[in-house]
Amino acid sequence: MAQLLTVEGISKEFNVRGKKVLALDSLALGMDHGEFVTVVGPSGCGKSTLLNLVVGLLPPSAGRIVFRGRAVNGINPEIGYVTQKDNLLPWRTLIENVELSLEIRGVEKSVRRRRAEELIDRVGLNGFEEHYPHELSGGMRQRANIIRTLIYDPELILMDEPFGPLDAQTRIVLQDQLLKLWSANRKTILFITHDLIEAITLADRVIVMTSRPGRVKHIAAVPIPRPRDVYQIHTSREFQEVYERLWRELRPEVIMTEV
Amino acid sequence: MISRGRLFLYRLLFGLLLLALWELTSGRLIDPFWISSPSRVSVYLWQVISDGSIFGHLAITLYETFTGFFIGALAGISSGFVLARRETLAQILDPYIVAFNGIPRIALAPLFIIWFGIGPNSKVILVVIVVFFLTFFNTFSGVKGVDIELKNILRVMGASERQILFKVTIPSTIPWVTTGLKISVPYALVGAVVGEFIAASKGLGYLINYNTSLFSTTGALGGILVLALVVVLCNEVINRAEAYLLRWRPREEVRTERELF
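Chains V and H, in that order, are what the protein sequence lines are. Residue 370 in this note's numbering sits at position 222 of the first sequence, and the numbers go up by one each step. Residue 209 in this note's numbering sits at position 45 of the second sequence, and the numbers go up by one each step.
Derived by calculation from the structure, the hints in this document are not laboratory data. Here a beta-carbon is modelled for each residue, glycine too, at the ideal position from N, C-alpha and C. Errors might be hidden in some of the hints.
A few chain V residues that don't get close to chain H, going by computed Cβ distances all over 12 Å [what the hints assert, rightly or not]:
hint	residue
1	156
2	166
3	182
4	207
5	241
6	251
7	313
8	329
9	335
Using 25 Å as the maximum straight-line C-alpha spacing, the simulated DMTMM-like pairs for lysine to aspartate or glutamate come out as follows [stated by the list, open to error]:
hint	chain 1	residue 1	chain 2	residue 2
10	V	233	H	187
11	H	315	V	226
12	V	335	V	303
13	V	257	H	187
14	V	233	H	313
15	H	315	V	301
16	H	315	V	303
17	V	328	V	397
18	H	315	V	244
19	V	233	V	256
20	V	257	V	244
21	V	365	V	161
22	V	233	H	325
23	H	315	H	400
So here's chain V without its partners, still in its complex pose (with noise of 0.2 Å):
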């Protein structure tokens, strides 16, 4: 079967200030149905420009991308986007933020309430239908980023750092939820992050990027099975081995940043 994704040899170049730095040199990487994938790199590699490509915000300045077999061009629908800040709508509430994808769609009002009232129940967050975003936590307005993509189902979901700005125990939390819903439905999950744990927790494959320009280090396989513990997962003895396989790509990138 073909690929749900094949990202073929992508760059893009961007103009700072009459100066041109390419962000990301001939990527490529391949996605299959129900497939969850995570992407680790050094700050500024590109990973948030990667995103931007595949869902179409950008065009590139070489190669292509092409999802269920066509080429991208231009914003596709059928590619949901959850950003690493929530940018929920401030003058809707939790459940209008939810039911937004759906009100653009055109679905009727009880059948998206019904389906928003769903997935809210299934990230705890019931009880808060009503509150508007600054009145929530910064996890439940992330839990309310991530279902309100899942509500219209799209066929691959981006995240980009969804977990980042949240404390230790929250992301873990939200790591579990997210697997949860997953295994649910198992649509195709592309995720960047910058933590190599939550990669592994996550995964079928880790891809590790190298520094700016980002181009694809190194791709392992997370032979753990699921469902996974993520509050135990990274005691066990594969664990371990994936990441110092890992860790060993990743860390000359991440020194060479530094520096």
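For this one, chain V is given, so just place chain H on it according to the hints.
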């Protein structure tokens, strides 16, 4: 935080204190010819209210203020929206808008009277000009300041440009528009009254001007008091409308509490 009832009480006490000081000063330290007194003003107001003569003036001034306010706000908000979304047009018009806005409104008032007569029309036009610029600039910056990420999120969800306009651009511009409207109200009233000062045969501005020309400080201060009351009432109405429209925004206390804990 002070309770609402207490706040009202303290405000009332402060007002009574000012009136008492005024009453005591008048006739003891300063000749009432210059500053009248609360008792004299009350008698005057009672008289113009009971014979109904004040209402005609009040009605004219309110008519000029609100007709001008609505036309000016509508024109200002729509121009702000259009220009913020038409980059080139905005650039072409920019120096003209700045120049026109720089003209003191009071300099235009006599011209408007020449063009539109001494009736309410010339004052309405003056108010329109005043309100137009205040709402225009606010709306313009509001539309310019819409978060591009929010728009992109909706694009990714498959929203049309029209849906983005109604679901992102307009709601996120509302705080700016309400600010524009809020500051416009007192200016609109001032515009109408200034117009009446220059030439009119009716209106609160005319009444104040007329009483001043007769050296009746009681009449002038009475008119000014009515004007002040109108401003306070309008402000109250706008504050409530704003609180309703912007109920999604964090209030100041909520924000500081978050930072502390």
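Quick rundown of the hints versus the structure:
Non-interface status of residue 156(V) relative to chain H is upheld: no Cβ of that chain comes within 12 Å, the nearest being about 22 Å off. Look at residue 166(V): its CB is around 22 Å from the nearest CB on chain H, clear of 12 Å, so calling it non-interface holds up. No beta-carbon of chain H is positioned within 12 Å of the beta-carbon of residue 182(V); the least distance is around 21 Å. Even its closest Cβ contact with chain H, about 14 Å, leaves residue 207(V) beyond 12 Å, as expected for a residue assigned away from the interface.
The beta carbon of residue 241(V) sits about 8 Å from the closest Cβ of chain H, which is not more than 12 Å, so the claim that it is off the interface is violated. Not every beta carbon of chain H lies more than 12 Å from that of residue 251(V), the smallest distance being close to 8 Å; the non-interface claim is violated. Residue 313(V), annotated as away from the interface, keeps every beta carbon of chain H farther than 12 Å; the closest lies near 15 Å. Residue placement check: residue 329(V) keeps its beta carbon more than 12 Å from all beta carbons of chain H (closest about 18 Å).
No beta-carbon of chain H is positioned within 12 Å of the beta-carbon of residue 335(V); the least distance is around 15 Å. Between the alpha carbons of residue 233(V) and residue 187(H) the distance comes to roughly 61 Å, so the proposed pair goes past 25 Å and is violated. This hinted pair checks out: residue 315(H) and residue 226(V) have alpha carbons roughly 17 Å apart, not beyond 25 Å. Between residue 335(V) and residue 303(V) the alpha-carbon distance is near 6 Å, which keeps this suggested pair within the 25 Å criterion.
Between residue 257(V) and residue 187(H) the CA atoms are separated by roughly 64 Å; this puts the pair beyond 25 Å, and the hint is violated. Under the criterion of a C-alpha separation no larger than 25 Å, the hint pairing residue 233(V) with residue 313(H) is consistent with the structure, at around 9 Å. A distance of roughly 20 Å separates the Cα atoms of residue 315(H) and residue 301(V); the hinted pair therefore holds under the 25 Å criterion. A C-alpha spacing of about 21 Å is found between residue 315(H) and residue 303(V), which places the hinted pair at or below 25 Å, so the restraint holds.
Of the pairs offered as hints, the one joining residue 328(V) and residue 397(V) is violated, with about 29 Å between alpha carbons and a cut-off of 25 Å exceeded. At roughly 16 Å between alpha-carbon atoms, residue 315(H) and residue 244(V) fall within 25 Å of each other, so this suggested pair holds. Under the criterion of a C-alpha separation no larger than 25 Å, the hint pairing residue 233(V) with residue 256(V) is inconsistent with the structure, at around 29 Å. Using a Cα cut-off of 25 Å, the hinted pair residue 257(V) and residue 244(V) holds, with the two alpha carbons roughly 11 Å apart.
Under the criterion of a C-alpha separation no larger than 25 Å, the hint pairing residue 365(V) with residue 161(V) is consistent with the structure, at around 19 Å. For the hint pairing residue 233(V) with residue 325(H), the CA-to-CA distance comes to about 22 Å; that is within 25 Å, so the pair holds. Taking the CA atoms of residue 315(H) and residue 400(H), the gap is near 34 Å; set against the 25 Å cutoff, the hint is violated.
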